[in-house]
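2 protein chains.
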Amino acid sequence: MSKTELFFKSELMQNDIDEAYEAIIEESESGEVGYYLLPEDMQTLTEIRQFCENYDFDAIKNVVVIGIGGSSLGTKAIDYMLAHTENRNDKNLIFMENVDPNEIKHNLKNVNFEESFFIMISKSGGTIETTSHVKYILDRYDISLGDAAFVKHFAIITDPLSPLDQFAKEHTLTTFHLPLNVGGRFSVFTPVGLLPLMILGYDVEKILFGARELKESFFAKNEDTLIKKAYFYASSQENLPINVLFSYSSSFKYFNDWYVQLWGESLGKINRDGKKVGLTPIALVGSVDQHSFLQLIIEGPLNKTVTMIKVEDFNNEMKIPDITIPHLEKTNFINEHSFNELINAQCDATMESIKDQGVDVDMITLNGLDEKSVGEMIFYYELLTSLTGYFLNVNTYNQPGVELGKVILQKKFEK
Amino acid sequence: MSKTELFFKSELMQNDIDEAYEAIIEESESGEVGYYLLPEDMQTLTEIRQFCENYDFDAIKNVVVIGIGGSSLGTKAIDYMLAHTENRNDKNLIFMENVDPNEIKHNLKNVNFEESFFIMISKSGGTIETTSHVKYILDRYDISLGDAAFVKHFAIITDPLSPLDQFAKEHTLTTFHLPLNVGGRFSVFTPVGLLPLMILGYDVEKILFGARELKESFFAKNEDTLIKKAYFYASSQENLPINVLFSYSSSFKYFNDWYVQLWGESLGKINRDGKKVGLTPIALVGSVDQHSFLQLIIEGPLNKTVTMIKVEDFNNEMKIPDITIPHLEKTNFINEHSFNELINAQCDATMESIKDQGVDVDMITLNGLDEKSVGEMIFYYELLTSLTGYFLNVNTYNQPGVELGKVILQKKFEK
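Protein chains in written order, with this note's numbering: chain A, 563 to 977; chain B, 563 to 977.
Simulated from the structure, these hints should not be mistaken for lab results. Some hints here could point you the wrong way.
Note: identical chains are not told apart, hence a pair may lie in one copy or across any two.
Said to hold, decoys possible - With a Cα cut of at most 27 Å, we get these calculated DSSO-like pairs of lysine-lysine:
{"hint": "1", "residue 1": "LYS973", "residue 2": "LYS917"}
{"hint": "2", "residue 1": "LYS653", "residue 2": "LYS815"}
{"hint": "3", "residue 1": "LYS667", "residue 2": "LYS881"}
{"hint": "4", "residue 1": "LYS973", "residue 2": "LYS892"}
{"hint": "5", "residue 1": "LYS667", "residue 2": "LYS815"}
{"hint": "6", "residue 1": "LYS671", "residue 2": "LYS815"}
{"hint": "7", "residue 1": "LYS768", "residue 2": "LYS667"}
{"hint": "8", "residue 1": "LYS892", "residue 2": "LYS714"}
{"hint": "9", "residue 1": "LYS667", "residue 2": "LYS653"}
Given the structure is predicted, the values throughout are model-derived calculations rather than measurements.
I would like the entire structure built from these sequences, with the hints used as guidance.
Below, the structure written as structure tokens:
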């Protein structure tokens with residue numbers, strides 16, 4: 563298991579901690595919030611495995627995920643965290659997200675339809691980006707909705723009985739369902755993430771196993787640290803409105819984006835007392851962003867918390883060779899050390915320099931970047947989000963604020 | 563020229579506006595801040611052009627930039643904004659930035675030394691990431707410092723008379739200088755950006771021309787909007803500590819990262835009155851981040867400003883075809899419109915829904931994504947940063963806060 567150390571004080575009485583455990587357990591048992599059950603959902607896993615075993619994926623070079631927000635961010639996060647591992651096969655993973663025409667052109671440049679498997683993901687089927695991409699792809703590759711090629715090369719992931727589900731049924735398309743009580747940003751352990759990740763070769767069961775271990779520990783009330791951290795963030799939201807995640811590996815690049823959606827969209831709400839609340843996520847990659855954002859953390863206003871993420875063992879022995887560059891002898895202190903040591907020492911040094919300024923910091927240490935630890939990290943942040951939402955007194959699972967823009971958009975074309 | 567519309571009130575007397583112009587003109591004339599002069603520096607451009615014409619770049623497939631922070635972000639930003647244009651040749655642009663060993667392995671996987679041109683960038687030569695990468699590359703490709711292959715395949719960009727400059731001179735390496743009065747994050751119009759961008763085929767002179775047009779307009783005191791915007795941000799820094807840039811094209815992905823460094827590192831400072839000040843940059847890509855961060859802007863605390871960036875003409879006629887997907891007829895309102903129209907209508911709709919919540923918004927509209935408009939955008943943000951720094955009463959051009967971490971790092975290895 564990974565570990566978390568808090569370097570700030572979060573004063574919370576034991577009975578408040580117990581109440582928070584109970585609230586989450588109750589939420590889980592109520593059936594209203596479905597993501598808690600996903601780490602144990604072996605039936606879905608079996609269905610996906612059967613599909614993968616029966617499909618000729620050897621002939622597939624490109625896995626094209628057509629989906630946006632919660633339909634793409636989790637898969638991208640996990641693939642990028644695990645891309646260096648040996649399970650990953652060499653299929654291209656392509657995301658159709660934005661409606662930027664230059665990006666669409668670039669994405670599909672080398673995509674041959676016969677060698678590609680398209681996964682269309684939308685809870686309702688009404689996502690304008692996703693349907694526009696599907697229409698474009700049909701037209702570009704000259705495929706009609708009734709064609710055998712369409713049935714063979716497309717899978718649909720959607721809510722049961724949604725309009726998209728009805729379409730898929732009528733056209734006998736391969737379909738997987740999202741549970742109705744799981745929102746997009748909590749959906750990576752549904753077919754939304756599991757299907758593409760299994761096609762890419764990952765041991766998806768191990769990812770779920772990592773999540774399950776943390777879940778069991780939390781539901782056995784052994785994760786007080788998580789609750790203290792959530793309470794600290796929620797109770798400091800006026801003075802410390804910004805939560806920085808500083809992840810020391812390039813592998814976290816898209817985990818960071820996943821975190822930003824999860825945190826921002828779950829907690830930025832009008833709460834049950836009618837107050838606008840929320841916490842602003844910022845996600846950085848170390849050591850790169852020491853050369854970008856760190857100055858602001860150190861000398862700027864004290865309005866941020868910082869969470870460092872460190873990977874203990876990169877499973878990579880690469881070293882800085884014992885070479886002296888004349889006039890640059892000052893850099894020799896790192897010679898013959900591994901890059902793994904260097905990046906972790908940078909993480910520690912940065913944390914110390916941040917703490918030195920009185921910034922509230924905590925450090926998550928992962929043993930390594932493998933399926934299990936990645937599953938655990940994802941579930942850790944989902945639980946932290948639920949707990950922070952509980953303390954902020956918001957509905958963590960909806961996103962009513964984005965509807966108005968969709969209405970305005972449609973009106974612009976109804977002339 | 564692009565245009566900016568402010569949808570918030572920035573009360574500033576004409577004589578305060580004039581004072582701000584004068585302060586920037588004085589800063590430019592004092593010689594202490596060098597970036598103002600770069601758009602007119604035709605001599606450096608000529609040197610770079612001569613080098614490029616005399617070097618056999620036809621034999622080069624990979625341009626490897628070894629540098630971090632200001633040494634990489636600007637080049638990456640411009641290349642990504644212009645990647646779709648016809649001037650861009652098909653050379654790979656690779657950045658060696660992080661010391662993550664898995665990333666280094668991935669970056670160099672298909673890099674053959676003979677087909678590659680390496681550009682090492684460091685103001686002093688003491689950047690630990692950059693020297694470690696260079697040492698690793700020398701070892702990996704079995705190159706000694708005295709080898710002709712080293713001299714042929716490496717160029718150095720550094721401050722005049724720096725330790726790295728001395729090394730380069732002694733080894734007769736191709737060297738370009740950064741002006742001493744130009745800091746890393748303001749250096750994209752020095753050889754730091756110009757050399758790799760010219761090798762990639764871009765019309766670098768046009769980029770500078772775009773910057774020069776804006777500069778001349780500002781120095782002729784025709785850019786009051788810029789000053790009003792800077793004043794608004796600086797004077798609202800306590801209530802509105804977060805400045806969101808919401809860019810409606812995937813092409814802005816790395817421009818966003820460049821903005822984050824420029825804004826965060828320039829303005830996050832202990833100011834001349836001894837106060838910790840600063841503004842927190844957030845950068846988003848639309849429409850993608852409507853499905854991520856928008857909810858927080860709409861319903862969360864009113865502690866953010868938002869700048870929308872829209873590209874009027876993507877120079878891409880791609881359309882959503884007239885296809886009806888049964889049960890998803892509701893999405894047909896967009897059929898037969900171009901993706902260009904769709905993404906811009908999303909930008910407008912999002913802006914309206916944000917304004918509706920009382921958020922302070924402005925909109926920058928670019929004519930297109932070409933060399934000239936990109937040069938203008940870069941210089942626009944550099945000027946905005948200088949002006950905001952002026953109103954915050956900080957030294958916009960240093961970064962003293964990041965030194966402690968470097969000292970701590972070195973101590974960790976001196977045992």
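Intra/inter-copy verdict for LYS671 and LYS815 if alpha-carbon distance must be at most 27 Å: both (24 Å within a copy, 20 Å between copies)
For LYS892 vs LYS714, is the C-alpha pair at or below 27 Å within one copy, between two copies, both, or neither? Only across copies: LYS892 and LYS714 sit 26 Å apart there, 60 Å inside one copy, limit 27 Å.
Within a copy, between copies, both or neither: where do LYS973 and LYS892 come within 27 Å Cα-Cα? Cα proximity of LYS973 and LYS892: across copies only (12 Å, versus 63 Å in one copy).
Given identical chains, is LYS768 near LYS667, meaning Cα to Cα at most 27 Å, within a copy, between copies, both, or neither? Between copies only: 25 Å across chains, 36 Å inside a chain, cut-off 27 Å.
For the identical chains here, do LYS667 and LYS815 meet the 27 Å Cα criterion within one copy, between copies, both, or neither? This pair counts as both: shortest intra-copy Cα distance 24 Å, inter-copy 16 Å.
LYS973 and LYS917: within-copy, between-copy, both or neither at 27 Å Cα: between (51 Å within a copy, 17 Å between copies)
Go through the copies and call it for LYS653 and LYS815: within, between, both or neither, with a Cα cutoff of 27 Å. both (20 Å within a copy, 24 Å between copies)
LYS667 and LYS653: within-copy, between-copy, both or neither at 27 Å Cα: Both: 19 Å inside a copy, 19 Å across copies.
LYS667 and LYS881: within-copy, between-copy, both or neither at 27 Å Cα: between (40 Å within a copy, 12 Å between copies)
Going through the hint list in order, the structure satisfies each hint without exception.
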